[in-house]
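Student: Chains as they are written, first to last, in the working numbering: chain L, 57 to 170; chain V, 3 to 116.
Some hints could be false.
Among chain L residues calculated to face chain V with C-beta under 10 Å, some are [as the list claims (entries may be wrong)]:
id, residue
1, P64
2, M90
3, Q94
4, R97
5, K98
6, P100
7, L102
8, Y105
9, L144
10, A146
11, S148
12, L158
13, F160
14, K162
Derived pair list, reagent style BS3-like, types lysine-lysine, alpha-carbon separation capped at 25 Å [to be verified]:
id, chain 1, residue 1, chain 2, residue 2
15, L, K162, L, K112
16, L, K98, L, K162
17, L, K126, L, K58
18, L, K58, V, K46
19, L, K162, L, K123
20, V, K53, V, K64
21, L, K112, L, K126
22, L, K165, L, K126
23, V, K46, L, K123
24, L, K126, V, K46
25, L, K165, L, K58
26, V, K46, V, K64
27, L, K98, V, K73
28, L, K165, L, K112
29, V, K64, V, K29
30, L, K165, L, K98
31, L, K58, L, K162
32, L, K58, V, K64
33, L, K126, L, K98
34, V, K53, L, K162
35, L, K58, L, K123
36, V, K73, V, K53
37, V, K46, L, K98
38, V, K46, L, K165
39, L, K112, L, K123
40, V, K29, V, K53
Keep in mind the hints are simulated off the structure, nothing from the lab.
Because the structure is a prediction, the values reported are computed rather than measured.
We treat Cβ as the ideally placed atom computed from N, Cα and C, and that holds for glycine.
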Amino acid sequence: QKEVEQDPGPLSVPEGAIVSLNCTYSNSAFQYFMWYRQYSRKGPELLMYTYSSGNKEDGRFTAQVDKSSKYISLFIRDSQPSDSATYLCAMSANSGAGSYQLTFGKGTKLSVIP
Amino acid sequence: NAGVMQNPRHLVRRRGQEARLRCSPMKGHSHVYWYRQLPEEGLKFMVYLQKENIIDESGMPKERFSAEFPKEGPSILRIQQVVRGDSAAYFCASSSRGHTDTQYFGPGTRLTVL
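Using the sequences plus the hints, can you model the full thing?
Tutor: See the structure below:
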């Protein structure tokens with residue numbers, strides 16, 4: 057079982073739709089949870105960061121963490137064509153060596169159709 | 003723009019040659035992580051460095067790969083005697099404290115081994 061599972065998609069939605077992206081994980085030591093957006097042939101861009109169960113909202117984006125179920129989600133409201141990208145979930149814990157290395161899902165490729 | 007800089011952006015090497023990838027962290031950041039993204043795979047952690055110290059190299063292949071982050075100058079990921087399987091995108095991320103909430107990624111170096 058992989059540490060972080062993420063449906064690779066592709067996911068195609070019409071402009072204005074609500075998008076739901078999800079990841080599950082198996083390592084209960086993960087403490088910090090992030091969502092990155094990666095455009096084709098670019099570096100990942102941090103969208104959301106959270107470290108506790110519950111919801112965190114930033115503009116059109118809402119991140120949700122359920123530690124009891126080991127499940128995290130990203131919701132995008134009023135999706136735009138410019139949201140078309142690959143979305144990566146990432147999480148981390150102190151490795152014990154002082155490293156907070158990120159463990160990533162494989163990414164979900166999203167296309168928002170005008 | 004004081005973002006994370008990586009160079010070269012594209013690097014082509016023949017089998018057996020050496021590849022050197024450079025990463026200049028954001029201004030004020032002294033922590034650097036290197037990740038590798040193989041085709042159709044997620045980002046995988048390789049190594050975590052602070053100035054003049056390797057903190058965690060648990061993700062580095064045991065042979066041919068090395069990394070450094072000198073007191074002055076960029077962090078360097080070095081791959082000796084490259085093989086076709088080394089073809090990938092290599093990303094560095096920098097952080098001000100080593101905690102994941104401030105890990106910002108560069109644009110990546112795309113290595114192609116012929």
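Student: Run every hint past the structure and note whether it holds.
Tutor: Taking the hints in turn, this is what the structure says about them:
no., hint, verdict
1, P64, "holds, 9 Å"
2, M90, "holds, 7 Å"
3, Q94, "holds, 9 Å"
4, R97, "holds, 8 Å"
5, K98, "holds, 6 Å"
6, P100, "holds, 5 Å"
7, L102, "holds, 7 Å"
8, Y105, "holds, 5 Å"
9, L144, "holds, 7 Å"
10, A146, "holds, 8 Å"
11, S148, "holds, 5 Å"
12, L158, "holds, 6 Å"
13, F160, "holds, 4 Å"
14, K162, "holds, 4 Å"
15, L/K162 <-> L/K112, "holds, 23 Å"
16, L/K98 <-> L/K162, "holds, 15 Å"
17, L/K126 <-> L/K58, "holds, 13 Å"
18, L/K58 <-> V/K46, "holds, 13 Å"
19, L/K162 <-> L/K123, "holds, 20 Å"
20, V/K53 <-> V/K64, "holds, 22 Å"
21, L/K112 <-> L/K126, "holds, 17 Å"
22, L/K165 <-> L/K126, "holds, 22 Å"
23, V/K46 <-> L/K123, "holds, 23 Å"
24, L/K126 <-> V/K46, "holds, 20 Å"
25, L/K165 <-> L/K58, "holds, 19 Å"
26, V/K46 <-> V/K64, "holds, 15 Å"
27, L/K98 <-> V/K73, "violated, 28 Å"
28, L/K165 <-> L/K112, "holds, 22 Å"
29, V/K64 <-> V/K29, "violated, 31 Å"
30, L/K165 <-> L/K98, "holds, 14 Å"
31, L/K58 <-> L/K162, "holds, 10 Å"
32, L/K58 <-> V/K64, "holds, 22 Å"
33, L/K126 <-> L/K98, "violated, 29 Å"
34, V/K53 <-> L/K162, "violated, 30 Å"
35, L/K58 <-> L/K123, "holds, 17 Å"
36, V/K73 <-> V/K53, "holds, 6 Å"
37, V/K46 <-> L/K98, "holds, 16 Å"
38, V/K46 <-> L/K165, "holds, 18 Å"
39, L/K112 <-> L/K123, "holds, 14 Å"
40, V/K29 <-> V/K53, "holds, 13 Å"
Going down the numbered hints, you'll see the structure goes against 27, 29, 33 and 34, while the others check out.
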